[in-house]
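There are 4 protein chains.
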Amino acid sequence: MKFKVGCELDYQVSANSTFIFNVNVAKTPNQNILEEYLCLEPDLNHEEYIAPVLDNRYIRINVPSGNLHLSYQAFVDVIYEETNPTTINEVPIAQLPLELLQYIYPSRYCQSDRLMRFAQSEFGDLLPDYSRVTAICNWIYDNVTYLSGSSDQHTSAFDTVTERAGVCRDFAHLGIAFCRSLNIPARFASGYAYKLQPPDFHAYFEAYLGDRWYLFDATRLAPRNGLIRIGTGRDAADIAFATIFGMAEMNQMKVEVECLETHSDSDCPEYTYQAISHQVSENNSPV
Amino acid sequence: MKFKVGCELDYQVSANSTFIFNVNVAKTPNQNILEEYLCLEPDLNHEEYIAPVLDNRYIRINVPSGNLHLSYQAFVDVIYEETNPTTINEVPIAQLPLELLQYIYPSRYCQSDRLMRFAQSEFGDLLPDYSRVTAICNWIYDNVTYLSGSSDQHTSAFDTVTERAGVCRDFAHLGIAFCRSLNIPARFASGYAYKLQPPDFHAYFEAYLGDRWYLFDATRLAPRNGLIRIGTGRDAADIAFATIFGMAEMNQMKVEVECLETHSDSDCPEYTYQAISHQVSENNSPV
Amino acid sequence: MKFKVGCELDYQVSANSTFIFNVNVAKTPNQNILEEYLCLEPDLNHEEYIAPVLDNRYIRINVPSGNLHLSYQAFVDVIYEETNPTTINEVPIAQLPLELLQYIYPSRYCQSDRLMRFAQSEFGDLLPDYSRVTAICNWIYDNVTYLSGSSDQHTSAFDTVTERAGVCRDFAHLGIAFCRSLNIPARFASGYAYKLQPPDFHAYFEAYLGDRWYLFDATRLAPRNGLIRIGTGRDAADIAFATIFGMAEMNQMKVEVECLETHSDSDCPEYTYQAISHQVSENNSPV
Amino acid sequence: MKFKVGCELDYQVSANSTFIFNVNVAKTPNQNILEEYLCLEPDLNHEEYIAPVLDNRYIRINVPSGNLHLSYQAFVDVIYEETNPTTINEVPIAQLPLELLQYIYPSRYCQSDRLMRFAQSEFGDLLPDYSRVTAICNWIYDNVTYLSGSSDQHTSAFDTVTERAGVCRDFAHLGIAFCRSLNIPARFASGYAYKLQPPDFHAYFEAYLGDRWYLFDATRLAPRNGLIRIGTGRDAADIAFATIFGMAEMNQMKVEVECLETHSDSDCPEYTYQAISHQVSENNSPV
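Just so you know, the sequences run in chain order A, B, C and D. At position 152 of the first sequence the residue is numbered 152 (full-length UniProt numbering), and the sequence of numbers has no breaks. At position 50 of the second sequence the residue is numbered 50 (full-length UniProt numbering), and the sequence of numbers has no breaks. At position 179 of the third sequence the residue is numbered 179 (full-length UniProt numbering), and the sequence of numbers has no breaks. At position 116 of the fourth sequence the residue is numbered 116 (full-length UniProt numbering), and the sequence of numbers has no breaks.
Careful: at least some of the hints might be erroneous.
[Said to hold, decoys possible] Output of the computed footprint for chain A on chain D, the stretches with three or more beta carbons under 8 Å from beta carbons of chain A:
hint : region
1    : 47 to 55
2    : 93 to 103
3    : 109 to 119
[To be verified] Selected chain B positions facing chain A (Cβ under 10 Å, derived; list incomplete):
hint : residue
4    : D55
5    : R57
6    : R117
7    : Q120
8    : S121
9    : Y141
10   : N143
11   : V144
12   : T145
13   : S148
14   : D159
15   : R164
16   : A165
[To be verified] Simulated restraints, written as ranges between beta carbons of each label pair:
hint : chain 1 : residue 1 : chain 2 : residue 2 : range
17   : D       : N89       : A       : P52       : 26 to 36 Å
18   : D       : L147      : B       : S65       : 58 to 68 Å
19   : D       : E249      : C       : T145      : 42 to 52 Å
20   : A       : E256      : C       : Q12       : 32 to 42 Å
21   : D       : Q120      : A       : T145      : 30 to 40 Å
22   : B       : S65       : D       : H263      : 45 to 55 Å
23   : B       : K27       : D       : A15       : 44 to 54 Å
24   : B       : A94       : C       : Q102      : 22 to 32 Å
25   : B       : A94       : A       : T86       : 50 to 60 Å
I should point out that these hints are in silico values taken from the structure, not numbers from a laboratory. All residues carry an ideal CB built from backbone N, CA and C; glycine is no exception.
Sequences are here, hints too, so could you generate the full structure?
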């Protein structure tokens, strides 16, 4: 599936600052970047670092005071694999690939250790398969109100589970925390999202089931097969779209996603009950 | 109903210290103290302060280093009133006696402001009467595990609602927080509890419904008509059984409650579905 | 000292709601209200409740959907007493009037129990007198940045002591928490404040030293002898200027304070090193 | 420097459980394991996973109910490099190797984002070099009391900075959080510690300065050149010495460290003001 995605970011920089951006689409075997443009005004040098294993791409720019305008555009071909969810099981701890251990431990915003009893009581008796993670997403969708401005950068899953309001990032954190409480590896993902209204960077999560990572989005704000991945991490602390060291303020942000399947609308991503992964089946390493 | 209650407390005091004890049974129109003994070793002076309105009794003792042994015993006649719960309604904010306002505001351990959505979602659709507070107690009993050592002096209702384990004090805090989230005035109560095993000071809560305070105990560890009140407050921060300013350690604590209705066991408190208050009906001020 | 104070509050009410306002100047032996006007549009009934001992005045109004405009104006004569601070000592716990106990216990926003070691280490070696509370205020002023929008209704002294930014309410909470950590009774106060820029409701705190409550304000944004008291409580949870049960939004708020000592500007409140209390010396009860 | 280290761990397992141990000494170019024994009773299979880059070694064991006894012993040759601390500078964000970014972001127990102003105010004016991290360690040592039992598994740097008591893990978390607040990459380390009394697993931290990770230990409980590394991570959430999935309780734990430099005592590790790293200088990748 082909997409055109992009963003424009404007900053007022009041002193020499270093920016780390994580807005570039990840290059993976299943996300083929056909063309890509990163344009800076003023025309500053930038460095790119690609995190091993995760493939997150970080751009560092040292910026003098004045204005900074970043414009990014990419044409991407994303391969989704759809799987019948009834065939997908959880992996017992005794068999879990050990490189996934880090994804069942608690992290800053996903205090799974404090949600153990809660998760056991809500989800403990469910079948240990794909449907349990679906039940987690349904619970979040049913019990947490999506409400702009209801949370801030300190809000964690432990807050959201009780305060019952949040934005996409909070929905993802809570989904991850519940999964880890049940020993299901889970990670945070950021991306461009087809059909998201209003357009913005989006956050969702991935859970490791069977032999790969599957995509989940408790917000139901975008079809999962319309998510173009920017990065993954243990939680939002790992993959902010911009981290600023210095003094700067954002003036404006614009995000765009377009589906390029021109034959007909029905070729574009739609909501589905299928399990969605980025993985082509011959590759069995847990990417 | 007549009870003999008492406690023995032993401390090792390593420097001049001031103790504030709140272990004496409250003297109220419905708790008639027939006899009472407070014995200190060494034989130190003590001062008593009775809080207005609440009737909590605080004993202050200035203690030199060495041992302190406090022994308290009281013979009390407690009048409980039993009411048919189906006749008792919540009081709308618009009619609530304004002296009760403080009991719908959040407090240290009962952050009702952060539990609003949760309480609305669990209890918001229930009838605004006595049965809603019963539903709150049932929810706590069903969802929170009574587990010694699972909480500490920092644990609040906001923790317990998710961590789902606690002791009597935590059960009471959560009940209070839920009530206040729904605009039902609620307060913390400490007391001696008939049949409590192992014997200890007990914590429960009171909710203001109709024209008075009713007793609730989500732990189900003692019959409500076997609770002999020591004190009430907004939460546990108000009525610790002992507060020590100085340096001392408790060596031993013993608590005793006996029912003195000698005719037959069946005269002693038993579990009941009736609403229990301490109030005799001619007195309508919210005590 | 005579003042004219007042406020105008505008709300958009979208469903039947109950408002509790606490904006009226407290009537005390030292705050003589010469004239007072409370005007509501629409012209609704209101009820007043005056809390015993504290003298806080709460106004309850039941409001239908539509607009609500509250306008309050008072002419007040406030008696401040100035005392040489070097003559004022802390009261040891062993002698403290026991009705003040509640003001050394931790409360929702003033977790003095968690600041014990910090307070001991910063202030533990100072003389146990008025100058120690001054040192607390100086520490706060020197270490915490006054920054609008840096805190919210959940922010507590435990947050502020580390995050080091806040508004008047946070400065007061931290001052109170430090005092209580050192066994100095302290309470939260709200009021109208002469010279406060921009004009707004103000929060400060009072500490009990010697035989009365003294006023402290770590923000240094208004002279303490220009504070006209609205209410006092254990912390901000007790004395919000407005609590709304229902659905309403504030559109506008205006606060005004004028000094009516017309002879010359120098008769109006000025910053002073003297200790300021509201108490006239013949009255020795801890009001 | 040669050491013999080891531990014995005894568990009572009450249902089939999976254990993940992280007690093996890390194999790195600077930690040469001469001999190593891992002995299990009963004689169960175990799997080892070595984390890429970090070299942490995780052992997974599936254990039936009954007793589990793990005994580990290793003879290790550790190469420490001592450097004159006055020659070591911080690395500006603009030049920082980007793979270290993750170590300046906040993590579960090291909420550096909430300690920014505190760290700026205490350490912001110090020279941006090795001496600043020393100042951080000195501050922690001077202001935080080492006190067994004063913290638990939920305690974070944000708690410790105010509560001022903790154990080695809390000292390390606070050191890391301060460093990250100042944009100094820092990570948590666990290890065997020569001279630690009573013997136990130890926690300390590493800060990235100049071209490598340097060891710091704010507890001053063991010489830094007597630390034998088990693992490193972003905080304690990453490298628990044992994680149990199932039902088991630890009965006993014994840890041993011996220096094998037999010529004389003075050949064994001693406290030093030198900067200590595990790195031999020809290897410049940030391990």
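Evaluated hints:
As drawn, the region 47 to 55 of chain D meets chain A at 5 residues by the rule of a beta-carbon pair under 8 Å; at three or more, the given contact holds. Taking a C-beta to C-beta cut-off of 8 Å, the region 93 to 103 of chain D contributes 6 residues in contact with chain A, enough for the three needed, and the coverage statement holds. For the region 109 to 119 of chain D, the proposed coverage by chain A is satisfied: 3 residues have a C-beta within less than 8 Å of a C-beta in that chain, meeting the threshold of three. Given the 10 Å rule on beta carbons, the hint for B/D55 is violated: about 34 Å separates it from the nearest Cβ of chain A.
About 36 Å separates the beta-carbon of B/R57 from the nearest beta-carbon of chain A, more than 10 Å, and the hint is not met. The interface hint given for B/R117 is met, as the beta carbon of that residue sits about 4 Å from the closest beta carbon of chain A, less than 10 Å. The closest approach between the C-beta of B/Q120 and any C-beta of chain A is roughly 9 Å, which is under the 10 Å cut-off, so the hint is satisfied. Because the closest C-beta pair between B/S121 and chain A is about 6 Å apart, less than 10 Å, the hint holds.
Evaluation of the B/Y141 hint against chain A yields a violated restraint, the C-beta minimum of about 13 Å exceeding 10 Å. Annotation: interface hint on B/N143 holds; nearest CB of chain A at approximately 6 Å, less than 10 Å. This hint holds: B/V144 has a C-beta 9 Å from the nearest C-beta of chain A, less than the 10 Å allowed. Checking B/T145 against chain A by beta carbon gives a least distance of about 7 Å; that is within 10 Å, so the hint holds.
Below 10 Å, beta-carbon pairs count as interface contacts, and B/S148 has none with chain A, the closest being about 16 Å; its hint is therefore violated. Given the 10 Å rule on beta carbons, the hint for B/D159 holds: about 8 Å separates it from the nearest Cβ of chain A. The interface hint given for B/R164 holds, since its Cβ lies 4 Å from the closest Cβ of chain A, which is under the 10 Å cut-off. The restraint placing B/A165 at the interface with chain A holds, with a minimum CB-CB distance near 6 Å, inside the 10 Å limit.
Hint check: D/N89 to A/P52, Cβ distance near 27 Å, so the stated range 26 to 36 Å holds. A hinted range of 58 to 68 Å for the beta carbons of D/L147 and B/S65 is inconsistent with their spacing of about 22 Å. Between D/E249 and C/T145 the Cβ separation comes to about 48 Å, which falls inside the hinted range of 42 to 52 Å. The hinted window of 32 to 42 Å between A/E256 and C/Q12 holds, with their beta carbons roughly 36 Å apart.
Taking the beta carbon of each, D/Q120 and A/T145 are about 37 Å apart, inside 30 to 40 Å as hinted. Roughly 51 Å separates the CB atoms of B/S65 and D/H263, a value that falls within the hinted 45 to 55 Å. Checked against the hint of 44 to 54 Å, the pair B/K27 and D/A15 passes, with Cβ atoms roughly 53 Å apart. At about 29 Å, the beta-carbon gap between B/A94 and C/Q102 stays in the expected band of 22 to 32 Å.
At about 54 Å, the CB distance of B/A94 to A/T86 agrees with the hint of 50 to 60 Å.
Checked against the numbered hints given earlier, the structure breaks hints 4, 5, 9, 13, 18 and satisfies all the rest.
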